[in-house]
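Number of protein chains: 4
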Amino acid sequence: MPSDTDRCAQPQRRSIGARRNPETEAAILTAAQELVEEKGLRGLTMEAVAKRARAGKATLYKWWPSRGALLVALYHASKGEHRHTDLGSLPETIAGFYSYVFGFWQTPAGRLFPLIIAEAQSNEDVADALQDYRQERLADLTALVSRAQARGELVADTDSEALADLIMANAWMHLMTGRIAVTDPAKLAHDVLRGWCLPDGSSA
Amino acid sequence: MPSDTDRCAQPQRRSIGARRNPETEAAILTAAQELVEEKGLRGLTMEAVAKRARAGKATLYKWWPSRGALLVALYHASKGEHRHTDLGSLPETIAGFYSYVFGFWQTPAGRLFPLIIAEAQSNEDVADALQDYRQERLADLTALVSRAQARGELVADTDSEALADLIMANAWMHLMTGRIAVTDPAKLAHDVLRGWCLPDGSSA
Amino acid sequence: MPSDTDRCAQPQRRSIGARRNPETEAAILTAAQELVEEKGLRGLTMEAVAKRARAGKATLYKWWPSRGALLVALYHASKGEHRHTDLGSLPETIAGFYSYVFGFWQTPAGRLFPLIIAEAQSNEDVADALQDYRQERLADLTALVSRAQARGELVADTDSEALADLIMANAWMHLMTGRIAVTDPAKLAHDVLRGWCLPDGSSA
Amino acid sequence: MPSDTDRCAQPQRRSIGARRNPETEAAILTAAQELVEEKGLRGLTMEAVAKRARAGKATLYKWWPSRGALLVALYHASKGEHRHTDLGSLPETIAGFYSYVFGFWQTPAGRLFPLIIAEAQSNEDVADALQDYRQERLADLTALVSRAQARGELVADTDSEALADLIMANAWMHLMTGRIAVTDPAKLAHDVLRGWCLPDGSSA
DNA sequence: GCTTAATCGAGACGGTACGTCCGGTCTTCTG
DNA sequence: CAGAAGACCGGACGTACCGTCTCGATTAAGC
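Taken in sequence, the protein lines are chains A, B, C and D. In terms of the UniProt record's numbering, the first sequence has 204 at position 204, counting the first letter as 1, and numbering is strictly consecutive. In terms of the UniProt record's numbering, the second sequence has 127 at position 127, counting the first letter as 1, and numbering is strictly consecutive. In terms of the UniProt record's numbering, the third sequence has 90 at position 90, counting the first letter as 1, and numbering is strictly consecutive. In terms of the UniProt record's numbering, the fourth sequence has 167 at position 167, counting the first letter as 1, and numbering is strictly consecutive.
Incorrect hints may appear among the rest.
Since the list gives no way to pick out one identical chain from another, each pair is judged satisfied if it fits inside one copy or across any two copies.
DMTMM-like cross-link-like pairs, simulated, lysine to aspartate or glutamate; straight-line CA separation at most 25 Å [stated by the list, open to error]:
#, residue 1, residue 2
1, K187, D132
2, K39, D125
3, K79, D157
4, K187, E124
5, K187, D140
6, K187, E34
7, K57, E25
8, K62, E23
9, K39, D191
10, K62, E34
11, K39, E23
12, K51, E81
13, K57, D191
14, K51, D159
15, K187, E92
16, K62, E47
17, K57, E47
18, K57, E92
19, K62, E25
20, K57, E23
21, K51, D191
22, K187, D159
23, K62, E136
24, K51, E34
Don't read these hints as lab results, they were simulated from the structure. Nothing here was measured: the structure is a model prediction, and the numbers come from that model.
Build the full structure now, drawing on both the sequences and the hints.
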């Protein structure tokens, strides 16, 4: 069984002086990603990351002062800059949103997300980072809802942010309870929007 | 100087034969609960629980093979058998529901819940236990929604289980993102139900 | 991998009333012997013996109150009642003695002996049992030496017990230092007796 | 009530970089020695040594992978570099040898020796270390015997190494059977050499 | 025949020590 | 002076036995 330290083919990185070495950073993030993919979150230990990345533990702690910080960095590094597109009608748009995130959460990078939520329950740093991320995504969703509202798709006094929050809550709930692979995004969007959407042509 | 072996000041619990000793079980759950209350969740280590309960570690692992299993047992032992009451109108009922669960989740016992959800993300057993618990609560909620539907409070084709799921998702979302202490349950219930509730007296 | 508890083919032994069950005793000694042969002394735990013998731990402790006691019983049960024979001349007799014991110490039963000596260093009970055994064997050897002395084979003022002790010490030394398989018994006997044996025909 | 985390009253030892810290090694050996002196050999557990030395258990296991290894190190650290002196005649010299070793084996450090022999019966590493030690001591003894032989004290064809082995075997035998405190070294030396020593003035 | 007493397998129990693992801090040495 | 390397202390992990105990079934001997 080859050990993690058998990866000595490439020459070890040297210091590049009194500056942060981007090679080292990349090696660390790559190593961390690989470890999570191979062994799950339990395999993501500072020790193992340092060894696989051929980096010193002090170097790790210098930039990512805790395991949680590394986790968040990892997620940020691997998530795309996806902006959800408006497909014309809100149910279709939200179905597209669910479809996209459920898909992403099933990729290696996306599989980190529930773990980050989990970690956030007992780690302040991660909780903060998660909160930021959520706000960002929420703004994105709220914009989509508002646009539909402007088009007259929704009941008159809809609070677009509350609805966006609800849409996101539904996605997270399905994630946390392991149902993202078995739920139909279109049905889910339909159910969540049922009460809010006016019948076609009924706009004031 | 007390010797290293001056144990057994108070009489220790004895075996009751080749059967599980309920005294021991109680002592362990009590010790675990105390530890969580005193030192938070980081203080809930198998080691500490065993020491405080004056129980052997092997005994702990025999009945609760993991920290997660202990967590779930703890939660089950301390949660009441609360059944949410129908307050006549759905918004009020759901406001009461949110009010109750947000309150409970801020008690020492309730604070275990987000940790259980977190644990479930990487622990099959806990995930299963959580799933069972969720189904139970969902049925409870669904019944409340159905009753309101029968009263004609909701739009005609409401899927009561989907709505119940949504209501619960909203609660969980607020829990996972640390907003249960700052959110008004009535406002939350109002927002979540906005689209589904018919205006008073508008039932067919 | 079959566990020790797969041996449920035969019906378990029952009590035969208020008397010691010889079947049980035999099963325990057999199980103990097998465990030592299969896994070495480290495998001889009270727990494992009880399990393999399908006996209760209390039964074990009733008759053999310690691991050391079991070890000694085991050795006594398996050693033969060998009496070393006088082959006419002392060097030959002692060569025969070395040959026999070195052979025996290489059988499964004999391999227990160094372990008993080892155990005796930190276990009073075993030390006592070992002492008794040594005295027994020493008397045997002393008799052989005395007979040779009577035949005039030895220097006049030989202390036969001291010489017997020396002969035995040499055997034990070879055992403890792992040389019984590589030493020629005849050469050993010759060396140990070199000083004491008179040349042939030189007897007074 | 002192918190569970009020550690570090006295300053702990720090790392000295990626090299073995001699302070730590010394602290561990000292702690081990003290434990043996205070509580006997049963008190020499890795756990207790680590705790008393304020060392991590991992550090212990890194340098001394087993209790046996620690035992050997302890013995080597505490035995002096004694060279047995030639007192002019072999019986006197050997009497001195027995006297010295029996004395040493009754000191705290010396009491480790039978345990090392015991450990060697089931631990390869210890067996090797013991073998080396025995060879060293045997060479020492053989030299003494050879000198006596050169002086014409011994029968002509004496195998000095075989005799030295015998002398040592006798010492070990007395050690293993708990007789070092009750045996007269001079008598023992006399008995062991009886056959080999020529009467005074009888050398060829 | 009925009671009594001892013995049986089973295994739970409180403990102790094991040997492993990781967290987070530190120091040295290499470029 | 950044960085690789890795030693260090602390402490939780999960496992393995120890020796004690209680249970309920079983059976011989004493009444």
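Inset, instruction - Evaluate K51 and D159 at a C-alpha cut-off of 25 Å and name the case that applies: within, between, both or neither. - result: This pair counts as neither: shortest intra-copy Cα distance 50 Å, inter-copy 53 Å.
Inset, instruction - Evaluate K57 and E23 at a C-alpha cut-off of 25 Å and name the case that applies: within, between, both or neither. - result: both (16 Å within a copy, 24 Å between copies)
Inset, instruction - Since the copies are identical, ignore which copy is meant and state whether K62 and E136 lie within 25 Å (CA to CA) inside a copy, between copies, both or neither. - result: So K62 and E136 fail the 25 Å test inside a copy (27 Å) and across (45 Å) alike.
Legend entry - Up to 25 Å CA-CA - D191 versus K51, copy category: neither (48 Å within a copy, 50 Å between copies)
Inset, instruction - Go through the copies and call it for K187 and D132: within, between, both or neither, with a Cα cutoff of 25 Å. - result: Intra 29 Å, inter 23 Å, cutoff 25 Å: inter-copy only.
Inset, instruction - Can you give me the call for K51 and E34, within, between, both or neither, at a CA distance of at most 25 Å? - result: Within one copy, since 12 Å is at most 25 Å while 27 Å is not.
Inset, instruction - At 25 Å max between alpha carbons, let me know whether K57 reaches E92 within a copy, between copies, both or neither. - result: neither (48 Å within a copy, 55 Å between copies)
Legend entry - Identical-chain pair category, K39 with D191, by Cα at 25 Å: The answer is neither: 36 Å in one copy and 42 Å across copies each exceed 25 Å.
Inset, instruction - Measure nothing new, just compare the shortest in-copy and cross-copy C-alpha distances for K62 and E47 to 25 Å and report within, between, both or neither. - result: Both: 14 Å inside a copy, 17 Å across copies.
Inset, instruction - State whether the alpha carbon distance between K57 and D191 is at most 25 Å within one copy, between copies, both, or neither. - result: For K57 and D191, the Cα distance exceeds 25 Å both inside one copy (49 Å) and across copies (48 Å).
Inset, instruction - Using 25 Å as the alpha carbon limit, work out where K62 and E25 are close: within a copy, between copies, both or neither. - result: within (11 Å within a copy, 30 Å between copies)
Inset, instruction - With 25 Å as the alpha-carbon cut-off, assign the pair K57 and E25 to within, between, both or neither. - result: both (13 Å within a copy, 24 Å between copies)
When the structure is compared with the earlier hints, violations turn up for hints 3, 4, 6, 9, 12, 13, 14, 18, 21 and 23 and for no others.
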